[in-house]
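Trainee: Here is what each chain is made of, one letter per residue.
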Amino acid sequence: MQYLLMIYRSEAELGHMTADDRRKMTAEYGAFTQSVIQSGHFKAGDGLQPTTTATTVRVRDGKTLTTDGPFAETREQLGGYYLVEAKDLDTALAIAARIPGAKTGSIEVRPIMIYN
Amino acid sequence: MLKMTPTEVEIIFRDEAGRALATLIRLVGDFDLAEDALQDAVAVALERWPGGDLPSNPRAWLVNVGRNKAIDRVRRNIAFRGRQQQLTHELLLNALPSADATDTVLDDDMLRLIFTCCHPSFAEEVQVALTLRTVCGLTTAQVARAFLASEEAMAQRLLRAKQKIRLAGIPYEVPEREALEPRLRGVLAVIYLVFTEGYAATSGEDLMRPDLAREAIRLARLIDALMPGRGEIKGLLALMLLHDSRRAGRETAGGDIVLLEEQDRSLWDFRQIAEGVRLVEEALRMPGRPQSYAVQAAIAALHARAPNYKDTDWPQIAGLYEVLLRISPSPVIELNHAAVVSMVDGPARALALIEALEARGGLKGYELLPAVRADLLRRLGRHDAAREAYLAATAATQLEPLRRLYARRIAEMR
Chain A
1 MQYLLMIYRS EAELGHMTAD DRRKMTAEYG AFTQSVIQSG HFKAGDGLQP
51 TTTATTVRVR DGKTLTTDGP FAETREQLGG YYLVEAKDLD TALAIAARIP
101 GAKTGSIEVR PIMIYN
Chain B
1 MLKMTPTEVE IIFRDEAGRA LATLIRLVGD FDLAEDALQD AVAVALERWP
51 GGDLPSNPRA WLVNVGRNKA IDRVRRNIAF RGRQQQLTHE LLLNALPSAD
101 ATDTVLDDDM LRLIFTCCHP SFAEEVQVAL TLRTVCGLTT AQVARAFLAS
151 EEAMAQRLLR AKQKIRLAGI PYEVPEREAL EPRLRGVLAV IYLVFTEGYA
201 ATSGEDLMRP DLAREAIRLA RLIDALMPGR GEIKGLLALM LLHDSRRAGR
251 ETAGGDIVLL EEQDRSLWDF RQIAEGVRLV EEALRMPGRP QSYAVQAAIA
301 ALHARAPNYK DTDWPQIAGL YEVLLRISPS PVIELNHAAV VSMVDGPARA
351 LALIEALEAR GGLKGYELLP AVRADLLRRL GRHDAAREAY LAATAATQLE
401 PLRRLYARRI AEMR
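Order-wise, the sequence lines are chains A and B. Throughout the first sequence, residue numbering follows our numbering, covering 1 to 116 in sequence. Throughout the second sequence, residue numbering follows our numbering, covering 1 to 414 in sequence.
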């Protein structure tokens, strides 16, 4: 099965990080990404620009409405994701727990829908 | 051949259907299909067994007939049409009866079922509901009653949970190595939740729901047999047996609460107490640190063996609460500890402990806090403050027998 691991963390807290902490975090993500590539679980993964860069689009009655900002204002924001291949939920949860962001933010794990 | 009454057949179903379901789920790989197939098999059994046609191994019989019924259903069901050939093939391959009917394999399946129902990706009350429905074999209506929910809402909830098992890929496995301990703790927590709701309901007319307490004990016995030699399981089983042994003494015929100090101890179930005490001793002898359930059971054992309330070994109970506070600290245990301290050092010292606990912000909203306070104030003769605390306790509970108990206390102080 494939699972999307969505990394939520507080952008406000991220803004208060020191340069040193940032370097450390980048290194941790680099090591984690390498390890899931090597174990064969990695399908895709990216970081996202902050929600200040987000635009939300809705079409209602044929009209396109564009709003500045994310879909919902929450305490933690979606900051990146990994798409992984895992044999079951327990394996996916174990991978999610190893994402560096799990220590300060939250990882939402969602199975990818299969069409057949 | 054996003639059986419908009740005897029902008892066999209660014991065997859960295990047969556990194996069918593994064989057919689908909760709903397995449940439907087992129901078909049970219908056949209900027709044949009471007439004297009882198979020598009812569990294996249910599995085999259930497997055939599942194959029938797959062949008939349009929803499976796309994968019909593959599924039927797998079913036939999977279900070689001779290799599968051994008790060890069936036991492993039962554990798989328990661990799947208690998977941490479900909310705790969903874990409880799934376990009661699937492992204990309660009907959806019975599970709904346990949660004071409508049957329709409960059916929806169970349906969503079973969908999640399939769609999210929750494995049908007993977790391995380092994952096992935390998951087993989760399973035991679910069993204890079922028990506590049966021991003292959170709301409603009745203090106790003995059926839920019995289910919890049955589950703990089952898991103790499946995973032998584990102190935390034996401790939990002992704890529940000892608490439950006082059942007949804990309420009047009219449904009023009888507190421990006023209970007629000759009404207690002494066979159950003996079994509980034996299990506590076994649990405490296990290597490693003492487990929380075993220490709680040791406390319950001291109560159960005391000749009366006054001559209970309060200092030892207080000491055991101090052990508990070290191994699994919680405000609720601090409150219980304080209540016991009142029996050793007097109510004034206990009240000081509780006030310190409140000042630290623990127990905010815990509904038994005002009740314990009220009792201490009453014993100190501070009746005005006690009355106020009893009124707060009355407002905090939704359980009618507790409300009546507090009203009685207020009346006694006049």
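To be clear, the hints were calculated from the coordinates, so they are not data collected in a lab. In this text, all values refer to a predicted model and were calculated from it rather than measured experimentally. Positions of the beta carbon are idealized from the N, C-alpha and C atoms, including for glycine. Take the hints with a grain of salt, since some may be wrong.
A few chain B residues that face chain A, going by a derived Cβ cut-off under 10 angstroms, partial list only [what the hints assert, rightly or not]:
#1 Asn77
#2 Pro120
#3 Ala179
#4 Gln272
Cβ-Cβ distance ranges computed for the label pairs, FRET-style [unchecked claim]:
#5 Ser121/B with Leu83/A: 17 to 23 angstroms
#6 Glu358/B with Val59/A: 54 to 60 angstroms
#7 Arg48/B with Gln38/A: 55 to 61 angstroms
#8 Val323/B with Ala102/A: 42 to 48 angstroms
Trainee: A separate judgement is required for each hint: does it hold in the structure or not?
Mentor: Here is how each hint holds up against the structure:
1. Asn77: Interface hint status for Asn77/B: violated (16 angstroms vs cutoff 10 angstroms).
2. Pro120: 8 angstroms, holds
3. Ala179: Holds. Min distance 7 angstroms.
4. Gln272: 37 angstroms, violated
5. Ser121/B with Leu83/A: 17 to 23 angstroms: 19 angstroms, holds
6. Glu358/B with Val59/A: 54 to 60 angstroms: 55 angstroms, holds
7. Arg48/B with Gln38/A: 55 to 61 angstroms: 57 angstroms, holds
8. Val323/B with Ala102/A: 42 to 48 angstroms: At roughly 34 angstroms between Cβ atoms, Ala102/A and Val323/B fall outside 42 to 48 angstroms, so the hint is violated.
Hint compliance for this structure: hints 1, 4, 8 are not met, and every other hint is.
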